[in-house]
Amino acid sequence: MEGADQKCGDNQAAGRWTLVGTTALVTGGTKGIGHAIVEELARFGAAVHTCSRNEAELKECLQQWRALNLKVTGSVCDVSSPVERDKLMETASSIFHGKLHVLVNNAGTAIWKPVVEYNPEDYRRIINTNLDSAFHLSQLAHPLLKASGRGSIVNISSVAGFVGLDSLSVYAATKGALNQLTRSLACEWAKDNIRANCVAPAYIRTPLIQPVMLSEDEEFVAKEAHRVPLGRLGEPEEVAAVVAFLCLPASYYVDGQVIIVDGARTVNGNN
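With the numbering used here applied, the sequence shown closes on residue 306, and no number is skipped along the way.
Don't take each hint at face value.
[As the list claims (entries may be wrong)] The calculated lysine-lysine pairs, modelled on PhoX-like cross-linking and capped at a C-alpha distance of 25 Å, are: (1) Lys94 x Lys122; (2) Lys134 x Lys148; (3) Lys106 x Lys148; (4) Lys134 x Lys226; (5) Lys106 x Lys181; (6) Lys148 x Lys258; (7) Lys134 x Lys122; (8) Lys148 x Lys226; (9) Lys94 x Lys148; (10) Lys122 x Lys106; (11) Lys181 x Lys148; (12) Lys181 x Lys134; (13) Lys122 x Lys181; (14) Lys148 x Lys66; (15) Lys148 x Lys122.
Since the hints were derived computationally from the structure, they do not count as laboratory data.
All chains, full assembly: derive it from the sequences and hints.
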């Protein structure tokens, strides 16, 4: 009897750490943090659909994932477009037969400029991509997430939503709003068994920060790493691991939270 109880306990523990049988939609999954999230969820057993504006880049990634025997599909989509967001969710619904367990609103963009240099087009592009897309896709995904029985939304935010950073005012505004949207979704949709959480990275080695790294080279990296008690920039896989946790059964009681992944940068009083 004791052995049977032990086996039952082991099975329950294992069940908390798998995504086998689940479905996930990850926006912007062909590079950086998004790419790492797609692979992490797929390695946990999820069937993943992702999207990119770049068709050639998407095809290359899908080929790589097939070679790794990961269950990943993809479609071309510019998430800043409401029409294309509608089409993306229709595609995901068709592939996953009307049920979605996980939505990761990862796609984002940034324009590095002083406030006085932004124009209306810059502003609208960042708002559409970073905030409008997450709100609208969450709306569209609601019936699919509800139909799955246990839905999880993970929004990718940033420490820019907590601290002031030069030349990132509009980007930071979208991330602060995304944090609050996450809290509101968590409270409003808990009755539907849909959780919403946020992951807020600091500087991660991705194409998004490449322009700054190239312009300031190692000086930027060294200066930023000095602000981080762990002494380095983060890697995409380190963010993806936290996202995966928020999608796993092990996190079923975690809801409405913004989890910072920054090597203790934002709590460092010794900058």
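Those earlier numbered hints the structure runs against, lowest number first: 2, 3, 8, 9, 11, 15
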